[in-house]
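Novice: Sequence:
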Amino acid sequence: MNYVCYLGSGQRLDLANQGSYTVVTLSQTGPGQQQQSTNRYLTGTWTAQPTVMQAGGITVITVFSATKTTQITVQGQAIALCEQPLNLQDAQSLPLEQTAAKSPEPMSPLEPLPPLKMGNMEMKMKPMEMRLGNMEMRIDDLNQPAQQQPTPAANSTANNKPKRFCGQCGQAITAGDRFCTQCGQPLSP
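The sequence shown runs 285 to 473 under my numbering.
Hint data in this document are derived by calculation from the structure and do not stem from the laboratory.
From the three backbone atoms N, C-alpha and C, an ideal C-beta is built for every residue, glycine too.
It cannot be assumed that every hint is accurate.
Just the calculated beta-carbon pair ranges, DEER-fashion [unchecked claim]:
{"id": "1", "residue 1": "E367", "residue 2": "L471", "range": "28 to 34 Å"}
{"id": "2", "residue 1": "M405", "residue 2": "S304", "range": "50 to 56 Å"}
{"id": "3", "residue 1": "L291", "residue 2": "M405", "range": "33 to 39 Å"}
{"id": "4", "residue 1": "E367", "residue 2": "P398", "range": "44 to 50 Å"}
{"id": "5", "residue 1": "S304", "residue 2": "Q466", "range": "31 to 37 Å"}
{"id": "6", "residue 1": "T383", "residue 2": "N404", "range": "46 to 52 Å"}
{"id": "7", "residue 1": "M421", "residue 2": "S392", "range": "26 to 32 Å"}
Generate coordinates for the entire structure from the input sequences, incorporating the hints supplied.
Specialist: Right, dumping it as structure tokens:
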């Protein structure tokens, strides 16, 4: 059995029972963005349709199996297994629709944005470049070796190392990071 629930704000929740596992996929789409994450939890085979309740910005999925009842919370983009049962007395029930698909298809990539130009500001997405007057920022593909462009400020400070940024979200990263601290993107050394 597979179900879908729409949480609002472009969020979609897909629930599937695969053997003894409950598979929860959270998808979010909006202008210029899309995100999808999938988690699996050992809950047992479902004995009844799960319920989805919402209270105070937290969505709670309750899964029923022959041996236990499991609660899974969704808050923002975070999905977590509940350690203690939650009181859902004042929560609002959200409708579930049964679907035939086993699990949602992975999201297709968004079309790249065309170069953007406003006044003396120009922005391109691949590779990411931004120019504003005489200032310039560039984020290259992290799979390529970083090349530092000499600037007057870089030449005046001996200890100034080139800054690196995550190619996925633009977060500043430090040497030795294996994953981006903002979005979790794997980084090349």
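Novice: Against each hint, give a clear statement of whether it holds in the structure.
Specialist: Now the hints, each set against the structure:
The supplied range of 28 to 34 Å is met by E367 and L471, whose beta-carbon atoms lie about 32 Å from each other. In this structure the hint that M405 and S304 lie 50 to 56 Å apart at CB holds, the actual value being about 54 Å. One distance hint, 33 to 39 Å for the beta-carbon pair L291 and M405, holds here, with the actual separation near 36 Å. Checked against the given bound of 44 to 50 Å, the beta carbons of E367 and P398, roughly 48 Å apart, stay inside it.
With their beta carbons about 34 Å apart, S304 and Q466 fall inside the hinted range of 31 to 37 Å. Distance hint check: the CB atoms of T383 and N404 are about 50 Å apart, consistent with the given range 46 to 52 Å. Under the hint 26 to 32 Å, the C-beta atoms of M421 and S392, about 28 Å apart, fit the expected range.
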